[in-house]
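Chains as they are written, first to last, in the numbering used here: chain Z, 284 to 587; chain E, 284 to 587.
Some hints could be false.
Which copy? The list can't say, so a pair holds if one copy fits it or any two copies do.
Below, a list of computed lysine to aspartate or glutamate pairs in the EDC-like style, where the Cα atoms sit at most 20 Å apart [to be verified]:
no.: 1; residue 1: 541; residue 2: 587
no.: 2; residue 1: 470; residue 2: 556
no.: 3; residue 1: 541; residue 2: 580
no.: 4; residue 1: 438; residue 2: 339
Source of the hints: derived by calculation from the structure; they are not laboratory data.
Protein chains: 2
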Amino acid sequence: MGLLVVGSIALDSVVTPFDKVENALGGSSTYITISASYFSAPIHLIGVIGSDFPEEHIKLFEKHEIDLGGLQIVQGGSTFRWGGKYHYDLNMRDTLFTQLNVFENFNPVIPENLRNSSFVLLGNIDPALQLKVLDQMKNPKFVVCDTMNLWIETKKTDLLKVLGRVDVLVINDSEARLLANEPNLIKSANSIMKLGPKYLIIKKGEHGALLFGNDTIFSAPAYPLQDIFDPTGAGDSFVGGFTGYLHKSRELDFESLKRAVIYGSTMASFCVEKFSTGGIEDLTWLKIHDRFIEFHELSRFADE
Amino acid sequence: MGLLVVGSIALDSVVTPFDKVENALGGSSTYITISASYFSAPIHLIGVIGSDFPEEHIKLFEKHEIDLGGLQIVQGGSTFRWGGKYHYDLNMRDTLFTQLNVFENFNPVIPENLRNSSFVLLGNIDPALQLKVLDQMKNPKFVVCDTMNLWIETKKTDLLKVLGRVDVLVINDSEARLLANEPNLIKSANSIMKLGPKYLIIKKGEHGALLFGNDTIFSAPAYPLQDIFDPTGAGDSFVGGFTGYLHKSRELDFESLKRAVIYGSTMASFCVEKFSTGGIEDLTWLKIHDRFIEFHELSRFADE
């Protein structure tokens with residue numbers, strides 16, 4: 284059975300120190316599904332757009348064989364829009380505007396034929412909506428969840444309910460410290476694991492990622508990029524590659540999750556090399572695998 | 284031939300959120316020589332102390348079979364003293380006081396019989412003194428150099444002269460960005476490599492370390508410590524373990540340098556577990572090797 288992805292679809296206006304774009308394709312489920320599409324199929328996208336959503340973006344999803352049966356199109360409505368500006372060091376960004384538009388009243392309805400999807404990927408949206416999705420699913424085999432500081436701060440009760448029902452939580456380091464209210468990252472991870480998830484991934488941007496399992500830790504390196512063009516979507520591309528790889532392999536042991544983290548890191552590294560989805564639109568399996576091997580070379584050493 | 288180490292020897296007063304010590308053994312060459320002593324011999328310490336230096340610390344050096352033939356003892360003088368206070372997150376510290384005392388007029392004189400040492404480790408001291416040491420050496424095979432933001436900001440001309448004569452430069456990430464005047468760490472590394480060193484190590488604290496060679500990068504993980512007791516001396520313990528391992532193995536190819544970075548990280552991880560030199564005083568080769576293997580387990584994944 285398929286991989287069901289729920290999240291936002293947006294038109295992003297992004298300014299970086301190098302260039303800018305307006306109304307470019309964005310949103311968590313956009314990056315997630317395109318990234319996952321290189322690994323597995325079928326991928327079912329649950330989301331909402333307005334009738335202003337450009338046809339070329341629909342064509343891009345179709346080119347990647349993403350099933351749009353669960354995509355709601357609100358006639359006369361406007362698609363969710365987000366504007367952001369990155370600072371010189373690219374780790375800092377300001378949100379310039381957020382226009383929720385049709386996303387404001389988004390009610391994720393899972394089509395009957397998709398309720399037995401084996402994999403569920405809850406992109407970074409309101410945990411109340413993530414719960415609604417889980418309530419409609421029939422015993423999924425593997426649930427991956429992304430979230431952010433906004434929901435930790437404003438929707439903690441709902442978020443904690445979600446965490447009790449997921450296999451993997453994916454967050455960044457500052458979110459982990461916030462969620463656990465603890466400055467030490469390893470202690471934070473141990474305390475978050477007690478909230479429910481079997482596995483925890485902490486993304487650390489230019490410092491790689493940590494995967495926590497039952498008394499086990501894996502440290503993944505970051506790809507040494509000299510030019511980061513646009514960080515938007517890196518985290519979503521990561522979780523898309525991570526989950527797509529596992530959906531393909533069907534192996535869910537720690538060793539497989541380690542490789543999935545590297546494939547996720549690989550997709551994130553491609554994502555930031557261009558604006559919008561430009562970095563992950565035209566990849567090939569060979570390119571992806573070559574970079575996976577580069578990651579292996581980067582962190583390998585002999586234990587004598 | 285031996286490993287010659289030059290650096291500071293100090294009595295440190297350190298306050299952390301957990302505890303405090305006064306006049307504890309410290310200084311860059313103290314941590315370096317004790318750390319290196321688990322890997323190789325002979326290790327020759329070049330430094331200066333006052334006649335107030337406690338006999339028990341001399342005994343500790345002797346227990347680790349560190350040659351003190353190059354140690355100057357200034358009769359009636361006071362040993363270099365440093366006081367620091369760490370903040371709650373331990374990545375931030377304030378210097379409370381610095382009393383250079385006998386270190387103020389330190390003139391590193393290398394005894395004639397040590398001038399043909401094959402390995403030279405220049406601990407973090409004024410680059411003018413590092414140059415003085417290099418000028419006395421007879422064609423050393425391998426030179427490792429540590430430095431800090433103070434020297435990058437105030438003694439850049441001398442520092443650049445040193446960099447033209449070393450095999451490995453070891454600095455932390457903020458120092459690398461400062462030295463290269465560039466926010467991207469990979470670009471910083473490439474530009475620093477052009478200043479002379481064959482290899483560059485960038486320490487990233489809780490995020491591990493990067494080793495740069497000729498068009499090659501190795502990313503070393505950090506040991507996942509839940510309790511960091513006192514970060515003082517971690518960088519010195521790192522460079523001591525790194526250089527000590529290479530001095531023992533005598534292999535200076537990139538694969539050996541990778542393992543040396545892991546042994547350096549291993550020693551740093553032990554160092555921060557206790558105050559002063561407490562974390563590295565009573566180790567065994569078995570304990571060190573076990574942690575090296577833990578590092579390997581932490582970052583290993585199959586390339587399928």
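Hints and how they fare:
Taking CA atoms no more than 20 Å apart as the test, residue 541 paired with residue 587 passes between copies only; the shortest distance there is 12 Å, against 22 Å inside one copy. Taking the shortest alpha-carbon separations for residue 470 and residue 556, only the inter-copy value of 15 Å comes in at or below 20 Å, while the best intra-copy value is 33 Å. With identical chains, the CA atoms of residue 541 and residue 580 are at most 20 Å apart both within one copy (15 Å) and between copies (12 Å). Taking the closest pair of Cα atoms, residue 438 and residue 339 never come within 20 Å of each other, the shortest separation being 35 Å inside a single copy and 57 Å across copies.
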